[in-house]
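A.B. asks: Between the sequences and the hints, there should be enough to build the whole structure, so can you do that?
2 protein chains.
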Amino acid sequence: MNQIITIGREFGSGGREIGRRLAEKLKFAYYDQEIITEMVKRTHFTEEYIQRIEENGVLPLLPITVGRTFITRSPHMQEQGLLLFTEQSKIIKEMAKQSDCVIVGRCANYVLREYQPFRIFVYADMNFKIARSRKKGKELTNLSDKELKKKILSVDKSRAKYHQFCSNEIWGEKSNYDLCINTSLIDIKDSIYGIKKFVKK
Amino acid sequence: MNQIITIGREFGSGGREIGRRLAEKLKFAYYDQEIITEMVKRTHFTEEYIQRIEENGVLPLLPITVGRTFITRSPHMQEQGLLLFTEQSKIIKEMAKQSDCVIVGRCANYVLREYQPFRIFVYADMNFKIARSRKKGKELTNLSDKELKKKILSVDKSRAKYHQFCSNEIWGEKSNYDLCINTSLIDIKDSIYGIKKFVKK
Numbered sequence: 009m010n011q012i013i014t015i016g017r018e019f020g021s022g023g024r025e026i027g028r029r030l031a032e033k034l035k036f037a038y039y040d041q042e043i044i045t046e047m048v049k050r051t052h053f054t055e056e057y058i059q060r061i062e063e064n065g066v067l068p069l070l071p072i073t074v075g076r077t078f079i080t081r082s083p084h085m086q087e088q089g090l091l092l093f094t095e096q097s098k099i100i101k102e103m104a105k106q107s108d109c110v111i112v113g114r115c116a117n118y119v120l121r122e123y124q125p126f127r128i129f130v131y132a133d134m135n136f137k138i139a140r141s142r143k144k145g146k147e148l149t150n151l152s153d154k155e156l157k158k159k160i161l162s163v164d165k166s167r168a169k170y171h172q173f174c175s176n177e178i179w180g181e182k183s184n185y186d187l188c189i190n191t192s193l194i195d196i197k198d199s200i201y202g203i204k205k206f207v208k209k
Numbered sequence: 009m010n011q012i013i014t015i016g017r018e019f020g021s022g023g024r025e026i027g028r029r030l031a032e033k034l035k036f037a038y039y040d041q042e043i044i045t046e047m048v049k050r051t052h053f054t055e056e057y058i059q060r061i062e063e064n065g066v067l068p069l070l071p072i073t074v075g076r077t078f079i080t081r082s083p084h085m086q087e088q089g090l091l092l093f094t095e096q097s098k099i100i101k102e103m104a105k106q107s108d109c110v111i112v113g114r115c116a117n118y119v120l121r122e123y124q125p126f127r128i129f130v131y132a133d134m135n136f137k138i139a140r141s142r143k144k145g146k147e148l149t150n151l152s153d154k155e156l157k158k159k160i161l162s163v164d165k166s167r168a169k170y171h172q173f174c175s176n177e178i179w180g181e182k183s184n185y186d187l188c189i190n191t192s193l194i195d196i197k198d199s200i201y202g203i204k205k206f207v208k209k
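Heads up: the sequence lines are chains A and B, in that order.
All letters in the first sequence, in the order written, are residues 9 to 209 by this note's numbering.
All letters in the second sequence, in the order written, are residues 9 to 209 by this note's numbering.
In case anyone wonders, no lab produced these hints; they're calculated from the structure.
Please note that a few of the clues may not be correct.
In this list, chains with the same sequence are indistinguishable; a pair is considered to hold if it fits within one copy or across any two.
What the hints assert, rightly or not - Derived pair list, reagent style SDA-like, types lysine to any residue, alpha-carbon separation capped at 25 Å:
(1) Lys33 / Lys197
(2) Lys154 / Ser183
(3) Lys144 / Asp40
(4) Lys144 / Asp164
(5) Lys144 / Ser166
(6) Lys105 / Phe93
(7) Lys98 / Thr45
(8) Lys182 / Arg121
(9) Lys101 / Arg24
(10) Lys158 / Ile58
(11) Lys33 / Asp198
(12) Lys182 / Ile194
(13) Lys154 / Lys182
(14) Lys98 / Glu177
(15) Lys204 / Ser192
(16) Lys205 / Gln11
(17) Lys146 / Leu193
(18) Lys144 / Glu56
(19) Lys157 / Glu181
(20) Lys159 / Ile44
(21) Lys98 / Ala37
(22) Lys182 / Asp153
(23) Lys157 / Lys182
(24) Lys159 / Lys182
(25) Lys143 / Ser183
(26) Lys101 / Phe136
(27) Lys35 / Gln172
C.D. replies: Below, the structure is given as structure tokens:
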């Protein structure tokens, strides 16, 4: 069985960087944006629409016409959410079957539970997340601290909602993960050496 | 400044073993039972009484005469709890000043916050904790699963209460720790190599 690492993360905590660096270090495949790209191919939803579904939960107030052609018999956003989740789960499972990999977000810890992934959750203090978001997110550079905090809380709320919808589990609740890492005071680059040792060989 | 590692842990999760092994590996001093021994010397409370205060929270229903001589002017258990906490904090700070060390339990993550300890929390699934408690705790061998679960929940409830009393923080809440480790599926011995890499040099 391939070795799977899943990474849940708070917005601005550096979870994606950890995932990317870990995949590089372990020479594992890395899946993040790649999942959305594959979804676009398969569902004919636009990338923007898929991202909005993920960001806004399963009942986004978007007109159904934003999707291109895929769902004609389902007028309900709830059903669209379900269809997206089902399709996404299929893609994630296919990726997990292909090779050892690191998968960021998208309920992968739950979707792949039968594969016994090593489940990581990355989090940080709000001040750290604000500073990091300002530094990393080009489009966020000009926001005030208050605006950034609002953005961070809003994205995390959506992630929590999406996770709850997919898994009925509480997002970020430590009992659902093997290792929870607070990046506020650690060096992310150095942490990779530690995480690597935790991952089963 | 000395390097300090604090370990909070759920009962039966193997947190104490992690602490002991980590201290050995890093050649750090290890403080656990030693804190109680020092408390006995200083307060003239019996070891049993101190443990009961810790296990039963700050308002244990014990007769004040269980303590030997220390507190004569304080008839209130709440005050005894406070005095114990104050004395314990002093001892913990003295230990932290002496050398690099690993300290298990006793709100050390909060008590030593100005020393910026590396704060670990160890937890596990209930089934794992039941199995481990049965294996490790001699006096627990004959308890049924139901009785063991009750014991585990009860000890953890007391730890949570004591922690809340000392720090006003929620015990086990991941934002108060740098690394949270779920021992249910990992090898405790191997995990030491990973934790070691996380600890700043």
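A.B. asks: Look at each hint and say if it fits the structure.
C.D. replies: These are the hints, each one checked on the structure:
no.: 1; hint: Lys33 / Lys197; verdict: both (11 Å within a copy, 23 Å between copies)
no.: 2; hint: Lys154 / Ser183; verdict: between (31 Å within a copy, 20 Å between copies)
no.: 3; hint: Lys144 / Asp40; verdict: within (17 Å within a copy, 42 Å between copies)
no.: 4; hint: Lys144 / Asp164; verdict: within (17 Å within a copy, 40 Å between copies)
no.: 5; hint: Lys144 / Ser166; verdict: within (20 Å within a copy, 42 Å between copies)
no.: 6; hint: Lys105 / Phe93; verdict: within (18 Å within a copy, 53 Å between copies)
no.: 7; hint: Lys98 / Thr45; verdict: within (14 Å within a copy, 57 Å between copies)
no.: 8; hint: Lys182 / Arg121; verdict: both (15 Å within a copy, 22 Å between copies)
no.: 9; hint: Lys101 / Arg24; verdict: within (20 Å within a copy, 37 Å between copies)
no.: 10; hint: Lys158 / Ile58; verdict: within (22 Å within a copy, 46 Å between copies)
no.: 11; hint: Lys33 / Asp198; verdict: both (11 Å within a copy, 19 Å between copies)
no.: 12; hint: Lys182 / Ile194; verdict: both (19 Å within a copy, 15 Å between copies)
no.: 13; hint: Lys154 / Lys182; verdict: between (28 Å within a copy, 24 Å between copies)
no.: 14; hint: Lys98 / Glu177; verdict: within (20 Å within a copy, 41 Å between copies)
no.: 15; hint: Lys204 / Ser192; verdict: both (19 Å within a copy, 18 Å between copies)
no.: 16; hint: Lys205 / Gln11; verdict: both (14 Å within a copy, 21 Å between copies)
no.: 17; hint: Lys146 / Leu193; verdict: within (23 Å within a copy, 39 Å between copies)
no.: 18; hint: Lys144 / Glu56; verdict: within (21 Å within a copy, 54 Å between copies)
no.: 19; hint: Lys157 / Glu181; verdict: both (21 Å within a copy, 21 Å between copies)
no.: 20; hint: Lys159 / Ile44; verdict: within (21 Å within a copy, 47 Å between copies)
no.: 21; hint: Lys98 / Ala37; verdict: within (17 Å within a copy, 50 Å between copies)
no.: 22; hint: Lys182 / Asp153; verdict: between (28 Å within a copy, 24 Å between copies)
no.: 23; hint: Lys157 / Lys182; verdict: both (23 Å within a copy, 19 Å between copies)
no.: 24; hint: Lys159 / Lys182; verdict: both (23 Å within a copy, 22 Å between copies)
no.: 25; hint: Lys143 / Ser183; verdict: between (31 Å within a copy, 22 Å between copies)
no.: 26; hint: Lys101 / Phe136; verdict: neither (33 Å within a copy, 28 Å between copies)
no.: 27; hint: Lys35 / Gln172; verdict: neither (31 Å within a copy, 43 Å between copies)
In summary, the numbered hints that this structure violates are 26 and 27.
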